[in-house]
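Line order of the protein sequences matches chains A and B. Position 114 (the first sequence) corresponds to 114 in this note's numbering; numbering is contiguous. Position 210 (the second sequence) corresponds to 511 in this note's numbering; numbering is contiguous.
Hints listed in this document are in silico derivations from the structure and should not be mistaken for laboratory results. Don't take every hint at face value.
Claimed, not checked - Reference listing, derived: stretches of chain A covered by chain B, where coverage requires no fewer than 3 residues with Cβ under 8 angstroms from a Cβ of chain B:
#1 17–28
#2 31–43
#3 105–111
#4 123–131
#5 233–246
#6 257–271
#7 275–287
Stated by the list, open to error - Away from chain B, derived, C-beta distances all over 10 angstroms, residues of chain A:
#8 Gly71
#9 Gly140
#10 Ala141
#11 Trp148
#12 Gly154
#13 Leu155
#14 Tyr179
#15 Gly208
#16 Arg217
#17 Pro225
#18 Gly250
Here a beta-carbon is modelled for each residue, glycine too, at the ideal position from N, C-alpha and C.
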Amino acid sequence: MAEQDWKTSKRTFAAVSLPTLFWVVVFFLVPMAIVWLYSFGENRGLTEIEFSGTLENYKRATEWLYLTIFGKSFAVAALVTLICLIIGFPVAMAITFASEKWRPWLLLGIMLPFWTNLLIRTYALMMLLGTQGFANKGMGALWEGTSWIKTLVGLQPLPTWEPVQLLFNNFAVVFGLVYVHLPFMVLPLYAALDRLDRSLIEASLDLGAGHFRTIMRIVVPLAAPGIIAGVMITLIPALGAYLTPDLMGGTDSQMIANVIERQFKKANDWPFGAALSFLLIYAMFALIAIQSMRKKVPEVR
Amino acid sequence: MALFARTPVAPLEYSRTLWMRLWVGAVMVFLYAPLVVLMIFSFNDSKRNVVWRGFTTKYYEKALGNDQLVEALINSLTIAALATLASLVLGTLAAVLLWRFRFPWKGAIDGTISLPIIVPEICLGVAFLMFFAAVGWPTDLVWPFNLGAITIAHITFCFPFVTMVVRSRLASFNREQEEAAKDLGASEGQVFRDVLIPHIKPALVAGALLSFTLSLDDFVITYFTSGPDTITFPVKVYSMVRFSVTPEVNAASTLLIILTVILTFIALKALGVKAIAETH
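Whenever a hint applies, use it, and build me the whole structure from the sequences.
Printed below as a string of structure tokens:
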């Protein structure tokens, strides 16, 4: 049955639409509009802001310093997405083709961290990666072991183990973001792979293609919408990530969200922060536009 | 694992090949090892999270005796409960609106409702900070009214998820049921209450759970909307982590992880794993 025209039952329509519209306008569109207005304003004194329609904030955002931070945020987000895809794809395959008994448990295993508090997960990772943490201790033990084996066969022992700095650098930020976002990637991949017609894979294998070739030529193209969805679901939050670079990064691993936060909490330059926020939103829109363009390609063909 | 397999591995049984099992096992260790270590070390009798010095529950006593932390947790749970209730109502109304009616500007309204999901958290946080400053939102109200600003912000980013879940459930609704109810004399409200709501109940459970965890989990938006008197659990833990890494944080985190696991199992009982997977 088709949708009902709103004029046929105006009262129900009003009851259903007015609360939603009110909320979206007052508590979403108006705040966003305020940010947008501020991005064209300038500071006058400590608390006063004049909406002068200046483009100065946007001009400042295109300075080399901020361009490199934007570029770096993109690079980090893209790298994180790629690593998540490489790690996550086999996991999604394994869940899809697991036995009925195992599949719910594997899914639960992926989902439980997804439901766990982000801050707690980041904190847990920080505990492991610290110079006194288990990651360093484990590597130290391996190092000692290798050293011992070398002395056994009569070689010079390795120099003593120096703890590696695993936290507060770019490595930690990428590692932390992968840790946090991996479930985001696996779940949409699984949803796409689960819908796949298995007889196509069987046909490909019967006709003599190897497993790798089947995956690349049959599974990946058929699961493309799910892969793109997974990439977007990972890329967008990774690009706007604040907590992980803030807690796990060093002074040189700031991402765009950290710069925005600083304009509000420390530098007290709201107009500039507003301009940066809107640039980040525009970047998201661009990503989504690219995705929806790609979606339409198969229909044209 | 050819050694243990009673039947040979069939071509599509990818998850029975050895390297796949190793891969999945390694990923699970990667996902869970930090959390398990965190939980174990909450019982460690040492100020620093490094060496095991014997079992103790004193950090739980300390965490539960820390008034600020307990207050933050109560604030978080209150906000999550309020935001969930409001999101369920708003989200369901929006879903029904988009599913049932044809009206001008529908595409634009549809897009705007799901926009809070896409807009980066930091931008939404900034927007609420500026909004509440611009309207002069009172900050000196008594509890729980001082949580209003944070709750409003949470509702805005939670209800689109409810809309999403409810809408996909509504797609499978058979409108003939509605017609039949109306033919038998049911009013609009009765149809909504006795026919539509029972049909979308699983989606409501899923949406409620999603809102509750999203709200409980949120740090960035809350960080921008909370004042000195309205600390939530993530904001409190953040300042504790910044300050120092103590077993007290481990104890508090362990309690929250256990709460999450319990909630997830309730959802499992109510819906089954597959339904939850589909909500993402």
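These are the hints, each one checked on the structure:
no.	hint	in the structure
1	17–28	holds (count 8)
2	31–43	holds (count 5)
3	105–111	holds (count 6)
4	123–131	holds (count 7)
5	233–246	holds (count 6)
6	257–271	holds (count 5)
7	275–287	holds (count 5)
8	Gly71	holds, 17 angstroms
9	Gly140	holds, 13 angstroms
10	Ala141	holds, 14 angstroms
11	Trp148	holds, 22 angstroms
12	Gly154	holds, 34 angstroms
13	Leu155	holds, 31 angstroms
14	Tyr179	violated, 7 angstroms
15	Gly208	holds, 12 angstroms
16	Arg217	holds, 16 angstroms
17	Pro225	holds, 15 angstroms
18	Gly250	holds, 15 angstroms
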